[in-house]
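Participant: The primary structure of each chain is shown beneath.
Protein chains: 4
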Amino acid sequence: SGAPTVADVGPAVVLGANQYGKAEVRLVRVTRDSARHEIEDLTVTTQLRGEALADSYLVGDNAKVVATDTQKNTVYAFARDGVGAPEDFLTRLADHFTGEFDWITGGRFGALAHSWGRIVTDASGETSEGGVGHDHAFVRGGTETRTALVVVDGDRRWVVAGLEDLTVLKSTGSEFHGFPRDRYTTLVETDDRILATSVTARWRYTDETVEAARTPGAVDFDALYERVRAVLLATFADVHSLALQQTLYAMGRRAIEEVDAVAEVRFSMPNKHHFLVDLAPFGLDNPGEVFYAADRPYGLIDGAVIRAGVAEAPAAWDAVTPFV
Amino acid sequence: SGAPTVADVGPAVVLGANQYGKAEVRLVRVTRDSARHEIEDLTVTTQLRGEALADSYLVGDNAKVVATDTQKNTVYAFARDGVGAPEDFLTRLADHFTGEFDWITGGRFGALAHSWGRIVTDASGETSEGGVGHDHAFVRGGTETRTALVVVDGDRRWVVAGLEDLTVLKSTGSEFHGFPRDRYTTLVETDDRILATSVTARWRYTDETVEAARTPGAVDFDALYERVRAVLLATFADVHSLALQQTLYAMGRRAIEEVDAVAEVRFSMPNKHHFLVDLAPFGLDNPGEVFYAADRPYGLIDGAVIRAGVAEAPAAWDAVTPFV
Amino acid sequence: SGAPTVADVGPAVVLGANQYGKAEVRLVRVTRDSARHEIEDLTVTTQLRGEALADSYLVGDNAKVVATDTQKNTVYAFARDGVGAPEDFLTRLADHFTGEFDWITGGRFGALAHSWGRIVTDASGETSEGGVGHDHAFVRGGTETRTALVVVDGDRRWVVAGLEDLTVLKSTGSEFHGFPRDRYTTLVETDDRILATSVTARWRYTDETVEAARTPGAVDFDALYERVRAVLLATFADVHSLALQQTLYAMGRRAIEEVDAVAEVRFSMPNKHHFLVDLAPFGLDNPGEVFYAADRPYGLIDGAVIRAGVAEAPAAWDAVTPFV
Amino acid sequence: SGAPTVADVGPAVVLGANQYGKAEVRLVRVTRDSARHEIEDLTVTTQLRGEALADSYLVGDNAKVVATDTQKNTVYAFARDGVGAPEDFLTRLADHFTGEFDWITGGRFGALAHSWGRIVTDASGETSEGGVGHDHAFVRGGTETRTALVVVDGDRRWVVAGLEDLTVLKSTGSEFHGFPRDRYTTLVETDDRILATSVTARWRYTDETVEAARTPGAVDFDALYERVRAVLLATFADVHSLALQQTLYAMGRRAIEEVDAVAEVRFSMPNKHHFLVDLAPFGLDNPGEVFYAADRPYGLIDGAVIRAGVAEAPAAWDAVTPFV
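Chains as they are written, first to last, in this note's numbering: chain Y, 12 to 335; chain P, 12 to 335; chain R, 12 to 335; chain W, 12 to 335.
Mixed in with the good hints, there may be bad ones.
Put simply, identical chains are the same to the list, so a pair is met inside one copy or across any two.
Mimicking DMTMM-like on lysine to aspartate or glutamate, the simulated pairs with C-alpha atoms at most 20 Å apart in a straight line are [as the list claims (entries may be wrong)]:
(1) Lys75 x Asp233
(2) Lys283 x Asp176
(3) Lys75 x Asp164
(4) Lys75 x Glu200
(5) Lys283 x Asp306
(6) Lys283 x Glu111
(7) Lys75 x Glu268
(8) Lys75 x Asp329
(9) Lys283 x Glu51
Hints were generated in silico from the structure; no laboratory data involved.
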């Protein structure tokens, strides 16, 4: 992962890839330049890497260990100057840790961004989505969580955006047939089923985009996020699906085709089964109307979609502990 | 609870209140009368009561036990005719079980309603909230869950609506001071703090409303839900808060004042603490901008607000197992 | 609930039952009188009641509001003198709050107790359950959580012990048949099925026990807990079950019969369905061997079992917000 | 990951690594050869890989898609012949899918194993850990979950065992000092703190072990699991810790040194902070006795420990969607 630190410590055992840091720092930032406040709400994780850290593992020597408590303090202190797009905030943190401590040669800096909308009120107490909203009262919005990740290894850096728990459903426009049948196959072919999934997606930005982002204001990561999210949603809706695999690929392909900054997209998409209930024992038909939504098991479709010609970037994706 | 069944079974032990049923039946209903589909998504729990059920507890005699599997089947079969407002659907189920089986004299019928919105797309793949939305592609919406409960005891019935996990925050307009100080008090008084909570509310409708609802279409429970939710949100936003208790009471009071159908409201509202981070060690001030959002412990404010003159209805609230 | 505070505040609206406090204070106590440490691990919730608290709801006057932060501090300060049985610790807290502040006339004091066992090691690194265990290294134990609750209303007090998530399964010795059949019944009768549940139980101690416990050391709540837990487990195992209802009642009955201190027991027990998989399509039989363990829906059996002759104690069970 | 399937589908976009399958198949297996039953409880996930699967992604052609429903059926059908060690069961599944369908050239086969113990009863209803236990009544045991993973890529295969949520705590024998101090450092050095973590560990078995396991009965994966688990626990207890990093490394090192079959171990270990509560404002000292157990943030220490000389095996660890 990132910058594996391998140190021979004897005849038998070596230290492999490692990293350490502070996880899930809960940061809420209020911007109150005017009576109309803004809020930003992040859960930040910083993890540092560097060969010099090996001694903390091997002999408990902490001389190079920037305390995780210090990392937490730094997150809060940096928020004093504002947060902005999570990708930019994480980059500021990454630059700080790798710049301030010469033995910190890389790391993995991640955030979840929790969305809030303004509460909209009028004299009658009614909420109208068209309203301008309250100056300092907010309600948690959306169902999905935005994610951001900055990975640094020496002079290299990667920026990966994403989202989790974007739950979507099509009540028609989905088929599944033509699959092979063996001794264990009982599934009936269908040309009309519910297709439902909870999208987890991560997209890596191109090296050009990451390079451009070194100039403050040159890349609008918030706008890019909104654009990719919209494309993913629209593609899920528009594609007549013959398999969830096909839908997945189409979502990635269209994101790459429509958003130049995207180098590749990886998805993990459960097929959340909705089974048509057999009402015949009760003397009723069921023309695609009444469904049982099952919890487990579920299908699970994983896949990567990559812009042709871009170099692979395993370091952006590798985790020391990929325990999925 | 409801209809406690007490049977003396010897010198030592009696059976107290009891109920049984099927919990968390996951029901998705697609209405496809036209190309423009509608979906309804409920998690339904039915629990039956009646003195004749005692023998299943006392000696394992199931002659009166409407199987929980039968209850599940009934939920799905009834959905074939449409769902509608969850309060109406639960009432249909309650009427069925107490009507079909004369020894079932009451019960507790509950649902969670999960909201979905239409995915809005245009040629460019952009989502516009102003759009009409896709005919059959949906995205899970909102952050809160709507709840509905119908309790029946013989000829009596109660209808309780509610919501959970409505997470709201005010970045100012909240004070807390004037509390007593003892040996264990260290909290500093404040005239400006973040106020954040995740509202759980349940409101019971008046007997008149419940009676009126026996006429199909006479009461629009969906509209009532939207109206109360809007009042709760607006009141949270508008009240300048001196204590979360005060905000809670104001929310209930205004719901009762503005919505005639509401007899009483009960709330459980955690005070989700946001602590101002001390940045002084880093040479920085922090004028109400950078906060640590804590998980635990949290304040917990519970309270009921009741329309003057309405009769109490403990049977609507009692649970056999109130294990909060 | 407990001490409902009802205040008329105008023509329209009154304040009903209410309480407030600090929830989920995470307390770990190390006793290090010798090299052989002991640890206690509790999650404590305190909630105070009293008519004088109404003004905090009605007008935001906090003059009587013992800050929840103060409540938290008190929990930690009291732990300095030791914890002991959670029922005793909660009683000390209850006595303090109702004694120190004369307007606090009651409350609800609860705890979850998390169990730890000693790590057992020998020179070879093997763990032997028979060993004496490490002096200061522990591993989280058990699958269930012990609960304790002390409710106070003026001079009255109740003590309710319990457990959650005690997951048990019988692979035979369970039948289910003889239930009524209607249009919606498809369930097949069985004389051999898996019976599995996750027991939530709460048992209230007799008034005599609660009174006796005012003398320090007179009642050993830890021993009582272990005794009731053992009876519940043994009864689940020993009873040949014709219905989960029957098993529930037998568990409560035997707890009351064998433990004099128990006045009543309330249970909530899901019937965690294990469905025999139909292997016939694959040319295989399935003589009770291969099962699918379903998540939802599940049966849900609730019931109370009461010692004959004991007075009812609704105040021990009522919650301001019984949102089950 | 495993067998990435890359297909050029035009000028712009290619399909990268992918896999699909059925996740979280809940399997309970009862062995009832005698009155003394045995139970096995697994949650199984199968994911298949192969270049021929690309067409399902690219054009929705399912001719090569072994339905995830078929995968589920296969899991249950194979359980008819017994389960055994999860590593062996997963290997049987892997061999089946790659053998039966020549275009399935690899995959990822995982399981969680849930532990159960026998309920021990005697006539008095007491549970005695020394007893032989009930023939067919069981209680869920342990706090951690055992994991197993078999990864196949053509002729290569890897077996990775592991555990999750093994929560351990030392009440002394842990120091943390000597770390660098910068502008953002406020942490006080300590020579006595609580050290607590929830161990997630995965260990890969050597190629020799995997090869030997092709002979039925030649490798006892259950015994290996128990042995490694015991070493991890004992090492956590025995090591006087100067850093959680040091404890992590020692745990991995000793597992490799004591268990020949282990090629490498990867850990993810949160540092679950227990903060000494400042009781001075209440006139009390706190000599390491009263602690606040915090939820978030937490330290997070990741690391791999590798037997010297073994070849790296990235394919055993790579996931298509390493979204940690």
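Participant: How would you label the pair Lys75, Asp329 (within, between, both, or neither) given a Cα cut-off of 20 Å?
Facilitator: Classified as neither: same-chain Cα gap 24 Å, cross-chain 29 Å, threshold 20 Å.
Participant: Quick one: Lys75 to Asp164, C-alpha cut-off 20 Å, is that within a copy, between copies, both, or neither?
Facilitator: within (18 Å within a copy, 40 Å between copies)
Participant: Tell me, please, which holds for Lys283 and Asp176 at an alpha-carbon limit of 20 Å: within, between, both or neither?
Facilitator: within (12 Å within a copy, 23 Å between copies)
Participant: Which holds for Lys75 with Glu200 at a C-alpha limit of 20 Å: within a copy, between copies, both or neither?
Facilitator: between (61 Å within a copy, 15 Å between copies)
Participant: How do Lys283 and Glu111 come out at 20 Å by Cα distance, when the copy is not named: within, between, both, or neither?
Facilitator: Intra 47 Å, inter 27 Å, cutoff 20 Å: neither.
Participant: When Cα atoms must be at most 20 Å apart, do Lys75 and Asp233 count as within-copy, between-copy, both, or neither?
Facilitator: Cα proximity of Lys75 and Asp233: none, with 35 Å in one copy and 40 Å across.
Participant: Is it within a copy, between copies, both, or neither that the alpha carbon of Lys283 lies no farther than 20 Å from that of Asp306?
Facilitator: both (7 Å within a copy, 14 Å between copies)
Participant: As a check of your reading, is Lys75 near Glu268 (CA-CA no more than 20 Å) within one copy, between copies, both or neither?
Facilitator: neither (45 Å within a copy, 28 Å between copies)
Participant: State whether the alpha carbon distance between Lys283 and Glu51 is at most 20 Å within one copy, between copies, both, or neither.
Facilitator: Cα proximity of Lys283 and Glu51: across copies only (16 Å, versus 32 Å in one copy).
When held up to the earlier numbered hints, the structure conflicts with 1, 6, 7, 8 and fits the remainder.
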